[in-house]
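Residues per chain, in single letters:
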Amino acid sequence: MNLFTIFISALLINNVILSKFLGMCPFMGVSTKLDSAVGMGLAVTFVIFGASVISWFLYYYALVPLGLEYMELICFILLIASFVQFVEMFVKKSSPGLYKSLGIFLPLITTNCAVLYVAQDNITQGYSLIETMVNSVAVPLGFMLMLVIFATIRERLNGNDVPESFRGNPIAFIVAAIMAIAFTAFAGLV
Amino acid sequence: MTAVENKEAKMGFFKEMIYNNPVFGLYLGICSVLAITTTITNAIGMGMAVIVVLVLSNILVSLIAPITPDEIHIPVYIVIIASLVTIVGMVMQAYMPSLYSSLGAFIDLIVVNCIILGRAEAFACNHNPLESARDGLMMGLSYTFSVLAMSFIRQVLGTGVLSFTNPLTSTEVFAFRLIPAGYEISVFTTQTGSFLTFAILAALVAAYKNANDRKVAEAEKARKVAAAKAAAEAKKAAAAKAAAAKAEAVKAEAPKAAPAPAAKAEEVKA
Numbered sequence: 221m222n223l224f225t226i227f228i229s230a231l232l233i234n235n236v237i238l239s240k241f242l243g244m245c246p247f248m249g250v251s252t253k254l255d256s257a258v259g260m261g262l263a264v265t266f267v268i269f270g271a272s273v274i275s276w277f278l279y280y281y282a283l284v285p286l287g288l289e290y291m292e293l294i295c296f297i298l299l300i301a302s303f304v305q306f307v308e309m310f311v312k313k314s315s316p317g318l319y320k321s322l323g324i325f326l327p328l329i330t331t332n333c334a335v336l337y338v339a340q341d342n343i344t345q346g347y348s349l350i351e352t353m354v355n356s357v358a359v360p361l362g363f364m365l366m367l368v369i370f371a372t373i374r375e376r377l378n379g380n381d382v383p384e385s386f387r388g389n390p391i392a393f394i395v396a397a398i399m400a401i402a403f404t405a406f407a408g409l410v
Numbered sequence: 003m004t005a006v007e008n009k010e011a012k013m014g015f016f017k018e019m020i021y022n023n024p025v026f027g028l029y030l031g032i033c034s035v036l037a038i039t040t041t042i043t044n045a046i047g048m049g050m051a052v053i054v055v056l057v058l059s060n061i062l063v064s065l066i067a068p069i070t071p072d073e074i075h076i077p078v079y080i081v082i083i084a085s086l087v088t089i090v091g092m093v094m095q096a097y098m099p100s101l102y103s104s105l106g107a108f109i110d111l112i113v114v115n116c117i118i119l120g121r122a123e124a125f126a127c128n129h130n131p132l133e134s135a136r137d138g139l140m141m142g143l144s145y146t147f148s149v150l151a152m153s154f155i156r157q158v159l160g161t162g163v164l165s166f167t168n169p170l171t172s173t174e175v176f177a178f179r180l181i182p183a184g185y186e187i188s189v190f191t192t193q194t195g196s197f198l199t200f201a202i203l204a205a206l207v208a209a210y211k212n213a214n215d216r217k218v219a220e221a222e223k224a225r226k227v228a229a230a231k232a233a234a235e236a237k238k239a240a241a242a243k244a245a246a247a248k249a250e251a252v253k254a255e256a257p258k259a260a261p262a263p264a265a266k267a268e269e270v271k272a
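Protein sequences appear in the order of chains A and B. For the first sequence, the working numbering begins at 221 and goes up steadily by one. For the second sequence, the working numbering begins at 3 and goes up steadily by one.
Note that these hints are calculated values from the structure, not bench results. Model, not experiment: these values are computed from the prediction. Ideal Cβ positions, reconstructed from N, Cα and C, are used throughout, including at glycine. Please note: incorrect hints may appear among the correct ones.
Claimed, not checked - Rough simulated footprint, nothing fancy, chain A against chain B, three-plus residues with beta-carbon under 8 Å:
1. 76-89
2. 198-207
Claimed, not checked - Listed below are several chain A residues computed to face chain B (Cβ distance under 10 Å; list not exhaustive):
3. Ile274
4. Leu278
5. Leu293
6. Glu308
7. Val311
8. Val335
9. Ile394
10. Ala397
11. Ala400
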C-alpha cells in the first residue's frame, strides 16, 4: 500500500470518529468550543504520533526478540500513560504558554481509545516505520478535522431551540449521524 | 454518602439501571457501544467480556487500594485492567474465535473503556471487595442492557431478522424474520444508524429522567407547601394558645392584685 493511500484512507475514508467510533469521549466532551477543539486536536496529534512510533520500536526491538508479543497490550498502555505524563511535565517546564492552552487536555488523552488503537493497528497491519509514521499522523489529523467541524456546528447549535430531551449530547449524536452520511461519499475514493 | 446509598438501594433495579446508566446517562464507554452493536450476538459477547473484566478489576482494586501509594494509583489500576483484558481476550480467542474476530480490536480497547477505570477510581478504591463486586456486576449489567437494547433495534430494523449465534459453537440458536424481506431499513446497520439509534435512546433516557425529576420536584414542592401550611397553622395555634394563656394569667393576676390593697387596708385598720 503506498503512503498516499494510507494517508487518505486514515484521514477521510476510515475516519477514526465516524467510521471507527474511537475517541468518542473527548469528541463529545471538548467539541463545544472551537478553541478547545483545536487545542485537543493538536495535543492528540502529538501524543498519537509520539506514542505510536515508540510503540513500534518497543514491539519490534524488545517484545519480538524476547518472544513477549502477548504482553503487547500491557506494554502499550503503560507506555502511553507514561508518555503522556512525560509530555505534560516537559511542556509544563519548557513552555508555560503552551501548557496553559494544551495542559488540561493532556491527562484526558490517556483514556482516549484512539491512541491505543493506532499503536496496535500499526502492528496488526504490519506497517513499516515510514508507514507507521504516516498512519499515526493521518489518524489524529482526521480526528482533529472532525473535532473542528463539529465544534463549529455545535457553537451554532447552542443558540437553537432543541427539544428538551435532545439538549446537550443527544442532538450532537444526531449531527454526527448526518455527518457520517456525508463522509460515506469518500468511500470509493481510493 | 449513606443517604445517597440508601436512596439508590430503594430505587429498585430498573430505575437504578436507567438513572446510573453508564452509557446513556453518563456517556461513558460509548466507543465500543457505537461500534459493536450491529448484532445481538456481538452485544452479548461484549457485555459478558465487560462484566468479567469489571467485576474482577473492582475486586482486585478494592483489595490492592489500601497498599497503593497515591501518586501511582492510576498506572497500577491500568496494569490490573490490562492484564485482565489480555486474559479475557486470550480465552475468547481460544474458545470463541468467530466472536473474537467480529468484535475485533474492541476487546483490547476495553482497557481504555472509561467505565472500568471510572468505577475503580470512584467506587472500588474505598469499598470492600464484596460491595465492589456488586457494583461491578451492576454496572456491567447496565452496560450489557444498553448494548443489547441498541443492537436489538439496529439488527431488527437494519436486517429484519432477530437472530442469535452461540459463540462457543458458532451455530445459530434462533432466527426469526420480523420485517418482511425488502422492507428493512439497511441504514441502521451502518455508522449513521448507530449514531441515530444512540441519539434516540439517549434522548429517551433523558426524557424519562426529566419527567421523573419533575415528578419528584413536584412532590417535594407539594410536601413543602403542606409542611409550610402545617407550620403556619401550628404557629397560629401556638400563638392563640399563648394569647389565651396570657389572658388567663392576666385574669388570674387581676384578682390577686385587687385583694392586695384590701389586705393592706385591713392591716392599716388593725
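Comparing the hints with the structure gives:
| no. | hint | result |
| --- | --- | --- |
| 1 | 76-89 | holds (count 8) |
| 2 | 198-207 | holds (count 7) |
| 3 | Ile274 | violated (16 Å) |
| 4 | Leu278 | violated (15 Å) |
| 5 | Leu293 | holds (5 Å) |
| 6 | Glu308 | violated (13 Å) |
| 7 | Val311 | violated (19 Å) |
| 8 | Val335 | holds (8 Å) |
| 9 | Ile394 | holds (5 Å) |
| 10 | Ala397 | holds (4 Å) |
| 11 | Ala400 | holds (4 Å) |
Hints 3, 4, 6 and 7, counting from the list given before, are not met by this structure.
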